Every structure is written in C-alpha cells, then in structure tokens.
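Chains as they are written, first to last, in my numbering: chain A, 1 to 249; chain B, 1 to 249.
Note that these hints are calculated values from the structure, not bench results. Some clues are possibly wrong.
A pair counts as met if it fits within one copy or between any two copies, since identical chains are not told apart.
As the list claims (entries may be wrong) - Here are the computed lysine to aspartate or glutamate pairs in the DMTMM-like style, where the Cα-Cα straight-line distance is at most 25 Å:
| id | residue 1 | residue 2 |
| --- | --- | --- |
| 1 | K143 | D108 |
| 2 | K14 | E245 |
| 3 | K14 | E98 |
| 4 | K143 | D220 |
| 5 | K143 | D190 |
| 6 | K143 | D48 |
| 7 | K28 | E181 |
| 8 | K28 | E16 |
| 9 | K28 | D48 |
| 10 | K14 | D55 |
| 11 | K14 | D108 |
| 12 | K28 | E203 |
| 13 | K143 | E245 |
| 14 | K143 | D40 |
| 15 | K14 | D40 |
Just so it is clear, the structure is predicted and the values come from calculations on it, not from any experiment.
2 protein chains.
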Amino acid sequence: MSGSLVVVGTGPGKAELMTPATLAALAKATDLVGYGPYLDRIPPARSDQHRHASDNRAELARARQALSLAAAGRQVVVVSGGDPGVFAMAAAVFEAVETGDPAWQALDIRVEPGVTAMLAAAAEVGAPLGGDFCAISLSDNLKAWATIEHRLRSAAQADFVIALYNPASRARPHQLARAFEQLRSIKAGDTPVLFVRAAGTPEAQVLATTLAAADAASADMRTLVIVGASTTRRVGRWVYTPRSEGPAS
Amino acid sequence: MSGSLVVVGTGPGKAELMTPATLAALAKATDLVGYGPYLDRIPPARSDQHRHASDNRAELARARQALSLAAAGRQVVVVSGGDPGVFAMAAAVFEAVETGDPAWQALDIRVEPGVTAMLAAAAEVGAPLGGDFCAISLSDNLKAWATIEHRLRSAAQADFVIALYNPASRARPHQLARAFEQLRSIKAGDTPVLFVRAAGTPEAQVLATTLAAADAASADMRTLVIVGASTTRRVGRWVYTPRSEGPAS
Chain A
1 MSGSLVVVGT GPGKAELMTP ATLAALAKAT DLVGYGPYLD RIPPARSDQH RHASDNRAEL
61 ARARQALSLA AAGRQVVVVS GGDPGVFAMA AAVFEAVETG DPAWQALDIR VEPGVTAMLA
121 AAAEVGAPLG GDFCAISLSD NLKAWATIEH RLRSAAQADF VIALYNPASR ARPHQLARAF
181 EQLRSIKAGD TPVLFVRAAG TPEAQVLATT LAAADAASAD MRTLVIVGAS TTRRVGRWVY
241 TPRSEGPAS
Chain B
1 MSGSLVVVGT GPGKAELMTP ATLAALAKAT DLVGYGPYLD RIPPARSDQH RHASDNRAEL
61 ARARQALSLA AAGRQVVVVS GGDPGVFAMA AAVFEAVETG DPAWQALDIR VEPGVTAMLA
121 AAAEVGAPLG GDFCAISLSD NLKAWATIEH RLRSAAQADF VIALYNPASR ARPHQLARAF
181 EQLRSIKAGD TPVLFVRAAG TPEAQVLATT LAAADAASAD MRTLVIVGAS TTRRVGRWVY
241 TPRSEGPAS
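Please build the complete structure, drawing on both the sequences and the hints.
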C-alpha cells in the first residue's frame, strides 16, 4: 500500500466541532504528526498508530518529517488546531514539498478543512463577521512588523471587520498594543472590540469592549481578537455586523 | 419548555463536513427554518419536525419567522450553508432581534460555527489562505458597489489573499469582471487566481489560472474565487501562500 498524507484541523477545541471527515482521517492513520497539545486532543484509534509530537515552532521540520513518512509508505495525518489552511500546518507542508525531495510532489496529499478560530469566536458573541472581513496574524516571526502595520491600516481604511490571530505570546507582549494604536488612528473609539478566549471550548470567555478602552493585556495565546467595522453594533448581549452598510431597518 | 433558537451552517455540502454539534442541534429541533436547498441536505430526524422552506432573498423575513416560533416555545434551528456567521443567516437573525419585538432579546439564542466555503475551496487546491487574507462578498444587494471596489483596491494594496464570495449570479453577471479590472490595476498579472466550484462536495472542480488570464465567465453561483497575494505560488498541482514574506528557503 502506498503512502499518503492528510493535513487536518481539529477545530477550536471541543470534539463536537471536529468534522467527521477529519475524524475518519485520524482513525485510518498509521502516523500522527503535530504539536503535542493538539495530538493530546485526539482519542486513541488503532493500537499500531504512532504519534510524533513536536514543538510548536518547528513547523517546517514537522512537515518534512510527515512527508518522509508518507514517502516511506505510511498513512500520515498532520494535525493542526482550527482549520489547517489558516495560520497552521497546510502552508508549511506545501513549502516543504516545494523545497524538498522532488518525489514528494507525486505523493497522495489531501487537506481537510475545519472550523478556524475566528468562526468559533464569532459564534460565541453573535455575528461580528457578518460583513466583509479580514484575518491578520500579529506574529512577526515570519513577516516584518511593517507589513503587519500596513495591513492593519489598509483594513481599517477599507472598513473591514478585523480578526487578529496570534495577538500575543510571551515572546511578543507588545504587538497587540501597537496594533490597537494603529487602528485607533483611523477607526472610531466606540468601535466594538471582542476578546474571545478559548472559543469553541467549554472554557470560552468573552470580553466585549471598545477600541478606545481595549487593553492589550486582556489577550493571551488562547485569545482571538475581533475589531468591528463602523457598522458593527451591540444588541443586548450580542454583537453583530449587519449585512448592509446603513442602519438597520 | 421554553423556546430556543440555534443558527447553524451545514458546511460546504458533504455531510462529512458538517460538525457533530450542528447535527445534534438539527436532531433536537422541532422547527427548521431556511432556504429550501439547504434544508434538503438535512436527513429527516424526528417525525414531529416542521420544515419552513423559504426563498433565498427573504433573509430578514425568515429570521423574524424563526424568532416568532422560538418566542412561541418552539425549538428552532435556522439553517445556513457553510458557516452561519459568514455572509449567511446569523447577521440577519441579530438584525431581526434588534429591529423586532424587544422580548426577542431575552430568547435563548446560540450560533454554531461551521466550515465556510473559502476554507473548503482552499483545501481543494492546497493552502492559498496560508497568509493574511480577506473575504469580500461581491453582492451589491445590500452595499454600494463603490464600497466593494474600495475594499478590493485596499486589499490588493495591502497584499492580502482575497476570497470572493457571491462572485456572480444571473442578476449580477458583470461584477466579477469589474472586480478583476480593479485588481489588475494593482496586482501583478501572474498572480494566481483560483475558481473553485462546489468545494467540499463530490462535484468539486478547480480552475487555476492567473489574474491576467482570469475570465469572469468561469464563475457561477456555486463558485468561490481566490485571488493570491504576491507570494502565492504553484508547486506541482498545488497552490499555496507561504507563511513568510520572502521566497521559500
């Protein structure tokens, strides 16, 4: 039997948000490759299944390991959280394909979509992504901070709802504050800002505030931050962005 | 028993991409409210379950009907395709809450996230959403075309990957061509463009081309269009956007 590689996302956390397609891929795998805490979410399937846990940073090395295993005939699943195509492992796998053994291009590779963090975060608070929106990772491990600031300003000027992935980590404590500064120079102070921690898990927590009052210290590594558009509004305990530009009618 | 309302998305099409949480909500419902073709995807659950199918356009009326049923004590599920919070029913439900009977604000309302079309489309072709990206609906039923063009230009200038929802319909055949014109004035002609039709279904079809060669006639109502960033590239039969700004290393 020849090898294969499937890149999956486990969703935001709760088992009920992992797709059946992903669960089926995990059950068939001989080898799971991924960041340790994501692998820990997966119930044991077959007794001959090998788990290759790695550090969070080593994405490209992990992708190469997975491709090597598939090339050796194993049924490999690369495990991300959320959706594997959004700030996760799928891009690293194709980067490894491009820069690695040319034979890897002929491998049976598949990506299974999943529920990415911003969708789970939005669902916790209502429908803040109801209009045009963008997703920006605040991590500058792989891109220049100037690029991130340019994208933040462009997104604010175009009045997108903005989902901020990786808003803070121990190695990068100051970036969210700088992002808020950029956004405050363009967007109104009463723009809704949502800190959604552990969205799509039983520990989900929501802090709804405004851009003027938003404190970057409210975010940690498990937080997704959503900054509204000019039309984003609160109704009771909910926040949503209407489908239209004008006031609700 | 008091009423409740859950807003769900069935995912892109295949049952294997609907989350167990959504399936559980559907099984418990006494009333399903939604656009007819989405309701048709759902296997019959309980014999006393009522299905209220409606036209695609009548989103706000459909939301009000669902809220009225919940207020009358029914267990209501509002059914969208994809994720309910992305160009779908959740925003219409909260707009109906804001503009309707004040008692509706006290209802038990919940949103269940799902796999939205751009994630399924991305998975069909590799990892084109691997960097910062935005989602823009080309429908001008509810917003001005000038707003859409401004967002397209801003997104191109900021070098986002751009996912275009609702690229074409019989009532709006010319907008995708106008969108490509806007993007061509800023982005390079060799930027990858992907037309992904019926993503996440057994009939999925991919057309990979470039911005210079992209023909708006390649899209229909079931198509999701992805326009790459400057870094988006092809490797074999795959398209991906690297996590970093520079060339692969």
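For the identical chains here, do K28 and D48 meet the 25 Å Cα criterion within one copy, between copies, both, or neither?
within (11 Å within a copy, 37 Å between copies)
Treating 25 Å as the Cα threshold, decide for K143 and D190: within, between, both or neither.
between (30 Å within a copy, 22 Å between copies)
Evaluate K28 and E181 at a C-alpha cut-off of 25 Å and name the case that applies: within, between, both or neither.
neither (48 Å within a copy, 46 Å between copies)
Alpha-carbon proximity between K28 and E203, which holds within one copy, between copies, both or neither at 25 Å:
Cα proximity of K28 and E203: across copies only (24 Å, versus 30 Å in one copy).
Intra/inter-copy verdict for K14 and D108 if alpha-carbon distance must be at most 25 Å:
between (29 Å within a copy, 21 Å between copies)
Alpha-carbon proximity context of K14 and E98, limit 25 Å
Close neither inside one copy (33 Å) nor across copies (30 Å); limit 25 Å.
Please sort K14 with E245 into within, between, both or neither, judging by C-alpha distance up to 25 Å.
Close neither inside one copy (34 Å) nor across copies (33 Å); limit 25 Å.
Within, between, both or neither: K143, D220 at alpha-carbon 25 Å
within (20 Å within a copy, 35 Å between copies)
Checking K14 and D55: alpha-carbon separation at most 25 Å within a copy, between copies, both or neither?
For K14 and D55, the Cα distance is within 25 Å only inside one copy (22 Å; across copies 33 Å).
Please work out whether the CA atoms of K143 and D48 approach to 25 Å or closer within one copy, between two copies, in both situations, or in neither?
Answer is neither: 40 Å inside a copy and 55 Å across each miss the 25 Å cutoff.
At 25 Å max between alpha carbons, let me know whether K143 reaches D40 within a copy, between copies, both or neither.
Neither way: K143 and D40 sit 30 Å apart in one copy and 45 Å across, limit 25 Å.
Could you figure out if K143 and E245 sit no more than 25 Å apart (CA to CA) within one copy, between two copies, both or neither?
Answer is between: at 5 Å across copies they meet the 25 Å cutoff, but 33 Å inside does not.
Consistency with the previously given hints fails for numbers 1, 2, 3, 6, 7, 14, ordered from lowest to highest.
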